[in-house]
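Novice: Please build the complex by placing chain R on the supplied structure of chain V, with the hints as guidance.
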Amino acid sequence: ELKVEQNPLFLSMQEEKNYTIYCNYSTTSDRLYWYRQDPGKSLESLFVLLSNGAVKQEGRLMASLDTKARLSTLHITAAVHDLSATYFCAAPRRETSGSRLTFGEGTQLTVNP
Amino acid sequence: DTGVSQDPRHKITKRGQNVTFRCDPISEHNRLYWYRQTLGQGPEFLTYFQNEAQLEKSRLLSDRFSAERPKGSFSTLEIQRTEQGDSAMYLCASSLATGGRETQYFGPGTRLLVL
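As they're listed, the protein sequences go chains V and R.
The first sequence begins at 1 in this note's numbering and counts up one residue at a time.
The second sequence begins at 1001 in this note's numbering and counts up one residue at a time.
To give an idea of the chain R side of the interface with chain V (calculated C-beta under 8 Å), a few residues: (1) Y1033; (2) F1045; (3) Y1048; (4) L1091; (5) R1101; (6) E1102; (7) F1106; (8) G1107; (9) G1109.
No lab work stands behind these hints, which were simulated from the structure alone.
Note that beta-carbon positions come from the ideal geometry of N, C-alpha and C, so glycine has one too.
Next comes chain V alone, as it looks inside the complex (with noise of 0.2 Å):
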């Protein structure tokens, strides 16, 4: 069964500062999704990783992927205000027609002036 695994859970950072959300899968996986979900709201695509060694920026964020160490991380680089919400990671069963995704337990992320 696979599972995802994200650390840390909780994340207080202060602006301008850079941290990096951890992504752990436990099967073989050759894709790699990031959402992002505010308060209340649904999940918002940010990153697909389609490939070992993929790396993909959008703004302050980096996502990245290793497939051979069942990796992936997602970077911030000096953080605001704005992306405080709760990241989630999430992987597809290869073993199925379908992609029904797994996702991890989401990081909280909160970043403080």
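Specialist: Relative to chain V, chain R alone:
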């Protein structure tokens, strides 16, 4: 707005009642997924459709739950004889299966409270 829509956005019901939720996916998307999210947790997969065919159901989907996608467009999720443990956010997502580059786009969710 051409995103995924869900209706209703909020539902309060009494234990034992039946409820039905609707999801309208992005128009050209052939896959539609239902997830459930409880407070402080990530979404958990319930079921998914490719066109009108329901291809997979989670063990979380007890026999009180049923989902349909009759014409391969909108979908409904019905919960019969609701229990307090059914209180959660029910999320619908849709995608276009394109040989591995699939991204699921989520709707705003239906928040269910069972009293």
